[in-house]
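Undergrad: Each chain is listed here by its residues.
There are 2 protein chains.
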Amino acid sequence: MDETFPAANRIRIVLVGTQHPGNIGSAARAMKTMGLHRLVLVAPERFPHPETFALAAGAGDLLDAAQVHGALGDAVADCGLVIGCTARARRIALDEFPPPEAASKLLGEAMSGIETALVFGRERTGLDNVELQLCHAAVTIPANPAYSSLNLAAAVQVLAYEVRMAALRNDAPVPARADVPPDDLPASHAEMEGFFAQLADTLDAIDFHKGRTPEAAMHKLRRVFLRATPDAREVRLLRGVLADAQRMARLAGERQGPAS
Amino acid sequence: MDETFPAANRIRIVLVGTQHPGNIGSAARAMKTMGLHRLVLVAPERFPHPETFALAAGAGDLLDAAQVHGALGDAVADCGLVIGCTARARRIALDEFPPPEAASKLLGEAMSGIETALVFGRERTGLDNVELQLCHAAVTIPANPAYSSLNLAAAVQVLAYEVRMAALRNDAPVPARADVPPDDLPASHAEMEGFFAQLADTLDAIDFHKGRTPEAAMHKLRRVFLRATPDAREVRLLRGVLADAQRMARLAGERQGPAS
Numbered sequence: 001m002d003e004t005f006p007a008a009n010r011i012r013i014v015l016v017g018t019q020h021p022g023n024i025g026s027a028a029r030a031m032k033t034m035g036l037h038r039l040v041l042v043a044p045e046r047f048p049h050p051e052t053f054a055l056a057a058g059a060g061d062l063l064d065a066a067q068v069h070g071a072l073g074d075a076v077a078d079c080g081l082v083i084g085c086t087a088r089a090r091r092i093a094l095d096e097f098p099p100p101e102a103a104s105k106l107l108g109e110a111m112s113g114i115e116t117a118l119v120f121g122r123e124r125t126g127l128d129n130v131e132l133q134l135c136h137a138a139v140t141i142p143a144n145p146a147y148s149s150l151n152l153a154a155a156v157q158v159l160a161y162e163v164r165m166a167a168l169r170n171d172a173p174v175p176a177r178a179d180v181p182p183d184d185l186p187a188s189h190a191e192m193e194g195f196f197a198q199l200a201d202t203l204d205a206i207d208f209h210k211g212r213t214p215e216a217a218m219h220k221l222r223r224v225f226l227r228a229t230p231d232a233r234e235v236r237l238l239r240g241v242l243a244d245a246q247r248m249a250r251l252a253g254e255r256q257g258p259a260s
Numbered sequence: 001m002d003e004t005f006p007a008a009n010r011i012r013i014v015l016v017g018t019q020h021p022g023n024i025g026s027a028a029r030a031m032k033t034m035g036l037h038r039l040v041l042v043a044p045e046r047f048p049h050p051e052t053f054a055l056a057a058g059a060g061d062l063l064d065a066a067q068v069h070g071a072l073g074d075a076v077a078d079c080g081l082v083i084g085c086t087a088r089a090r091r092i093a094l095d096e097f098p099p100p101e102a103a104s105k106l107l108g109e110a111m112s113g114i115e116t117a118l119v120f121g122r123e124r125t126g127l128d129n130v131e132l133q134l135c136h137a138a139v140t141i142p143a144n145p146a147y148s149s150l151n152l153a154a155a156v157q158v159l160a161y162e163v164r165m166a167a168l169r170n171d172a173p174v175p176a177r178a179d180v181p182p183d184d185l186p187a188s189h190a191e192m193e194g195f196f197a198q199l200a201d202t203l204d205a206i207d208f209h210k211g212r213t214p215e216a217a218m219h220k221l222r223r224v225f226l227r228a229t230p231d232a233r234e235v236r237l238l239r240g241v242l243a244d245a246q247r248m249a250r251l252a253g254e255r256q257g258p259a260s
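One line per chain: the protein sequences are L and D, in this order.
First residue of the first sequence? That's 1 in my numbering, and the numbers climb one at a time after it.
First residue of the second sequence? That's 1 in my numbering, and the numbers climb one at a time after it.
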């Protein structure tokens, strides 16, 4: 169970007329990875079945707890929001939402105490018209028009993922910057300027400019390092590298003697 | 091919060290449903394999066209943006993006003409640290902390879906790069690796490590420079600085005499 996602208690995944036992197991696994746990089966062709449990991997608990009904109406009787997943909703007169919006609707209702269902049809033929009539709305995963055959578990994975993303968007705690160690914060302006001053000194020491004006190179180098937004620890590391380059330049200079 | 999604031509999905042949087929199917078609395999345990083609269903064309490499570096050599998929990025020092942001980044770069890669590791162990070092950033699918084991094809499905959603939103930040000279494009993987090799040599030459193992510092420095995504000209500038530091170190070494 995923303690961070209590709305999952009021979101059920309903699989209607599933033909291949393995797909039920894969769907359970997909659900559980996203923190969903309420699986309802409507007239599965074969259940329970060893292949279902094999493909569920560590999600066998969802199969053990799964409810089985004979008809979709029974499976969603207590639901205030039922959304059916369909490849094309045009032939039916249903509002059709993209996955993020459908997930937000499910989550919102679930968070307010309403029972909700996300319904998936048969592998080959989907939901029939009578079943779609039981849905408040449809959700369609945008797919390649030339090849739109997501398998059942893949469709469950995508929509369960969107439900989880909706939950994270809603519930994500605002990162408290006060708790972040200072070394992990982006280096301050002053720290960056200290680094750039040492970089400029180092370029002089290693004779990088060779008579050219230093401004152009420093300009470009500042851009690279500012873009990286290093943290304080990384700036210290970079300055350590510069210090050693400066030390080598001093040694080399001593070799050439005081006249140079 | 999905005519509505031309950026797909510059987004490759790279599967590293895949253990189960069936997963390659399922991943190909997941890609094709979302309009992605460029599959690259790095050291797959078994390929080609009948099970791979069986599970690909109608996506066998992606398998026929798949490139196979021995190492990740070769698979992404021409890429300006490489994002690795990882279950937890905390142990590594990489910027970590949620899937929508990672997808927007890939799409934006691809739309502007840059070759991009989305990299998936082995089923059990993911990407190793050396492979993660080749990535500019990481993407993590937010999963149930108590059960985070998305299978490989499920992870490909979710991220390919997000790339498609980004394309449909068309909200990817597209740097106007059509007329941009190659020097202003992000440095390729190979150019970055050339720079890092010279950086490592330079750290040795200036005796930066002083007996410590070099890996930790290089790790952190790679992160800073990959995050900056320097262009080709900036990489040449940085290498010029390194060359002068190396020259100074040689001079200093000569001063200390051949015995040192």
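No lab work stands behind these hints, which were simulated from the structure alone.
Heads up, the beta-carbon is just placed ideally off N, CA and C, and yes, glycines get one too.
Among the clues, some could well be false.
As the list claims (entries may be wrong) - Listed next, the stretches of chain D that the computed footprint assigns to chain L, with coverage defined by at least 3 CB atoms under 8 Å from CB atoms of chain L: (1) 31-41; (2) 56-64; (3) 130-136; (4) 182-193; (5) 212-222; (6) 226-236.
Undergrad: Hints first: check each against the structure and report whether it holds.
TA: Status of the hints after comparison with the structure:
no., hint, verdict
1, 31-41, "holds (count 4)"
2, 56-64, "holds (count 3)"
3, 130-136, "violated (count 0)"
4, 182-193, "violated (count 0)"
5, 212-222, "holds (count 3)"
6, 226-236, "holds (count 6)"
Violation of the numbered hints given earlier is confined to hints 3, 4; the remaining hints are satisfied by the structure.
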